[in-house]
Amino acid sequence: MSVRNGVAGLGLGDIRGDYAVISPAMGATMQVLRGFLLLLWIAMLVTTVVNPSAVDANAVGTTAVVAAVYALKFGWRRLTARLGVNRCYLCADGVAVTNRFGRIRDWVEWSEVTGVQQTAVVGLVMGCHRIEICRSRSAAPLWFVAPGAKSALVEALLDEGRRSGALE
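Numbering (the numbering used here), first residue to last: 921 to 1088.
Check before you lean on any hint, since a few could be wrong.
Across the chosen pairs, the derived CB separations fall in these ranges [unchecked claim]: (1) 1054 x 989: 34 to 40 Å; (2) 998 x 1058: 38 to 44 Å; (3) 928 x 970: 58 to 64 Å; (4) 954 x 1052: 33 to 39 Å; (5) 998 x 1054: 29 to 35 Å; (6) 1078 x 1043: 21 to 27 Å; (7) 928 x 998: 31 to 37 Å.
To be clear, the hints were calculated from the coordinates, so they are not data collected in a lab. The structure presented is a predicted model; accordingly, all values stated were derived computationally and were not measured. From the three backbone atoms N, C-alpha and C, an ideal C-beta is built for every residue, glycine too.
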């Protein structure tokens, strides 16, 4: 059974969009790795200034590392989207979030939503939004982290919530 079928089985209506989400641990790890990549690039730049005859070796090494990082990033995004891993599904009647194994972690119907709290965190190498959807019943809020300083998920979530009448 695919994740989309599992989300459709929750009774949340048509799936209007699915977006990538990250766990806080993964976000911190990505930030550290990007920081190391930045430090590597600075080290290569300093080495090139100190020893200009090594520019060919430095350029090849740095270019290979940067190309490998972007290739891995692109491949990982495609794979996780295909498997439904760490996704937020916006549906006509609610929101569902999957975990790192592609299973539904939590979901909420728009009729139960009392509000949405959003916190933006923007740093030198990474930006993200922590979104918390408050529920009318005593259940814990549904929360997730959307990657990117300008996340398409944030706008789509707020638009979908307004369309359904859950948000003003």
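Hint check:
no.: 1; hint: 1054 x 989: 34 to 40 Å; result: 37 Å, holds
no.: 2; hint: 998 x 1058: 38 to 44 Å; result: 39 Å, holds
no.: 3; hint: 928 x 970: 58 to 64 Å; result: 60 Å, holds
no.: 4; hint: 954 x 1052: 33 to 39 Å; result: 25 Å, violated
no.: 5; hint: 998 x 1054: 29 to 35 Å; result: 33 Å, holds
no.: 6; hint: 1078 x 1043: 21 to 27 Å; result: 23 Å, holds
no.: 7; hint: 928 x 998: 31 to 37 Å; result: 22 Å, violated
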